[in-house]
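Peer 1: Whole structure, please, built from the sequences with the hints as guidance.
By our numbering, the letter at position 66 of the sequence shown is numbered 159, and the numbering carries on one by one without gaps.
Hints are computed from structural coordinates only; laboratory data are not their basis.
All figures in this text were calculated on a predicted structure; none of them were measured in a lab.
Don't be surprised by glycine CBs; every beta carbon is placed ideally from N, CA and C.
Don't take each hint at face value.
Said to hold, decoys possible - Label-pair distances were calculated between CB atoms; the ranges are:
1) Gly138 to Asn218: 57 to 65 Å
2) Arg301 to His117: 15 to 23 Å
3) Arg99 to Ile137: 26 to 34 Å
4) Thr150 to His288: 35 to 43 Å
5) Arg99 to Phe169: 21 to 29 Å
6) Leu101 to Leu147: 45 to 53 Å
7) Arg303 to Ala217: 22 to 30 Å
8) Thr127 to Arg301: 36 to 44 Å
9) Ile151 to Val246: 37 to 45 Å
10) Ile107 to Gln161: 23 to 31 Å
To be verified - Below, a list of computed lysine-lysine pairs in the DSSO-like style, where the Cα atoms sit at most 30 Å apart:
11) Lys119 to Lys177
12) Lys253 to Lys184
13) Lys253 to Lys194
14) Lys177 to Lys188
15) Lys177 to Lys253
16) Lys238 to Lys119
17) Lys289 to Lys304
18) Lys238 to Lys194
19) Lys318 to Lys306
20) Lys119 to Lys98
21) Lys177 to Lys194
22) Lys119 to Lys135
23) Lys196 to Lys253
24) Lys196 to Lys304
25) Lys132 to Lys189
26) Lys309 to Lys238
27) Lys253 to Lys189
28) Lys194 to Lys306
29) Lys304 to Lys318
30) Lys132 to Lys98
31) Lys318 to Lys253
32) Lys304 to Lys253
33) Lys289 to Lys238
34) Lys98 to Lys194
35) Lys135 to Lys189
36) Lys135 to Lys177
37) Lys286 to Lys253
38) Lys184 to Lys238
39) Lys196 to Lys286
40) Lys306 to Lys289
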Amino acid sequence: KNLSKRMLQTMPAIMMSYDMLEAHGKDIRALPLTERREKLEKVIGAASDGVLRLSPTIGFDDWEQLDQIRQNARQFHTEGIMLKRLESPYKSGRKKGDWWKWKIDPLTIDAVLLYAQQGHGRRANLFTDYTFAVWNGDELVPFAKAYSGLTDVEFQEITKYVRENTLDRFGPVRAVVPNLVFELAFEGIQASKRHKSGVALRFPRMHRWRKDKHPKDANTLADLKEMLDLYG
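Peer 2: Below you can see the structure in the form of structure tokens.
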């Protein structure tokens with residue numbers, strides 16, 4: 094996308110730095126985090142334009158206080174907090190032990206399965222890609238797609254349902270009788286003009302199949318809008 098001069102003036106881009114891997118041509122990834130941060134602070138301290146910034150660290154007295162800070166992370170549009178050992182080196186890839194992403198609990202909403210499409214790879218013969226809807230009065234409004242979170246047995250059971258309860262077909266997509274309810278989990282919500290519902294979810298996935306719920310028990314568009322007001 095093209096950024097206008099006005100956008101650059103009102104919402105200037107910055108670089109938020111959290112680590113330093115090289116200094117004066119020397120690889121410093123093996124140094125402790127504390128030493129790498131000290132070097133990074135000196136570099137950023139020498140910059141005066143405000144574009145290069147240092148990610149803040151969090152001070153806390155006990156785990157209870159830190160947990161409260163974590164639970165407030167969504168107010169800052171983040172997934173949680175990063176915990177790092179002060180003596181840890183920088184390791185490439187998803188190494189376990191020294192760093193830990195302590196995520197907040199996801200938001201959840203109950204939705205009705207509206208459309209289904211076959212998956213890919215080993216799931217090519219199963220209907221695993223779904224579009225979900227919530228109620229707006231008597232109308233079901235689609236608002237999210239999800240394809241992960243269930244077991245292979247559940248996908249097989251849903252595939253059987255889709256084949257036996259298809260209402261219409263749109264290329265590879267099948268509209269189904271809207272009888273199945275699922276609890277969706279997601280990390281965030283934001284306004285979207287591209288979607289009929291007016292909202293878009295961040296990292297939606299199926300948390301569980303709510304076989305105990307009737308379709309009319311699913312959430313509403315008003316519930317989504319309330320979440321948008323709180324967390325968007």
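Peer 1: Does each hint hold? Answer for all of them.
Peer 2: Structure-based check of each hint:
no.: 1; hint: Gly138 to Asn218: 57 to 65 Å; in the structure: 59 Å, holds
no.: 2; hint: Arg301 to His117: 15 to 23 Å; in the structure: 53 Å, violated
no.: 3; hint: Arg99 to Ile137: 26 to 34 Å; in the structure: 28 Å, holds
no.: 4; hint: Thr150 to His288: 35 to 43 Å; in the structure: 37 Å, holds
no.: 5; hint: Arg99 to Phe169: 21 to 29 Å; in the structure: 25 Å, holds
no.: 6; hint: Leu101 to Leu147: 45 to 53 Å; in the structure: 22 Å, violated
no.: 7; hint: Arg303 to Ala217: 22 to 30 Å; in the structure: 27 Å, holds
no.: 8; hint: Thr127 to Arg301: 36 to 44 Å; in the structure: 42 Å, holds
no.: 9; hint: Ile151 to Val246: 37 to 45 Å; in the structure: 42 Å, holds
no.: 10; hint: Ile107 to Gln161: 23 to 31 Å; in the structure: 27 Å, holds
no.: 11; hint: Lys119 to Lys177; in the structure: 23 Å, holds
no.: 12; hint: Lys253 to Lys184; in the structure: 45 Å, violated
no.: 13; hint: Lys253 to Lys194; in the structure: 38 Å, violated
no.: 14; hint: Lys177 to Lys188; in the structure: 12 Å, holds
no.: 15; hint: Lys177 to Lys253; in the structure: 46 Å, violated
no.: 16; hint: Lys238 to Lys119; in the structure: 46 Å, violated
no.: 17; hint: Lys289 to Lys304; in the structure: 27 Å, holds
no.: 18; hint: Lys238 to Lys194; in the structure: 25 Å, holds
no.: 19; hint: Lys318 to Lys306; in the structure: 22 Å, holds
no.: 20; hint: Lys119 to Lys98; in the structure: 38 Å, violated
no.: 21; hint: Lys177 to Lys194; in the structure: 9 Å, holds
no.: 22; hint: Lys119 to Lys135; in the structure: 16 Å, holds
no.: 23; hint: Lys196 to Lys253; in the structure: 35 Å, violated
no.: 24; hint: Lys196 to Lys304; in the structure: 28 Å, holds
no.: 25; hint: Lys132 to Lys189; in the structure: 25 Å, holds
no.: 26; hint: Lys309 to Lys238; in the structure: 20 Å, holds
no.: 27; hint: Lys253 to Lys189; in the structure: 40 Å, violated
no.: 28; hint: Lys194 to Lys306; in the structure: 33 Å, violated
no.: 29; hint: Lys304 to Lys318; in the structure: 25 Å, holds
no.: 30; hint: Lys132 to Lys98; in the structure: 34 Å, violated
no.: 31; hint: Lys318 to Lys253; in the structure: 33 Å, violated
no.: 32; hint: Lys304 to Lys253; in the structure: 15 Å, holds
no.: 33; hint: Lys289 to Lys238; in the structure: 13 Å, holds
no.: 34; hint: Lys98 to Lys194; in the structure: 36 Å, violated
no.: 35; hint: Lys135 to Lys189; in the structure: 29 Å, holds
no.: 36; hint: Lys135 to Lys177; in the structure: 21 Å, holds
no.: 37; hint: Lys286 to Lys253; in the structure: 35 Å, violated
no.: 38; hint: Lys184 to Lys238; in the structure: 34 Å, violated
no.: 39; hint: Lys196 to Lys286; in the structure: 28 Å, holds
no.: 40; hint: Lys306 to Lys289; in the structure: 25 Å, holds
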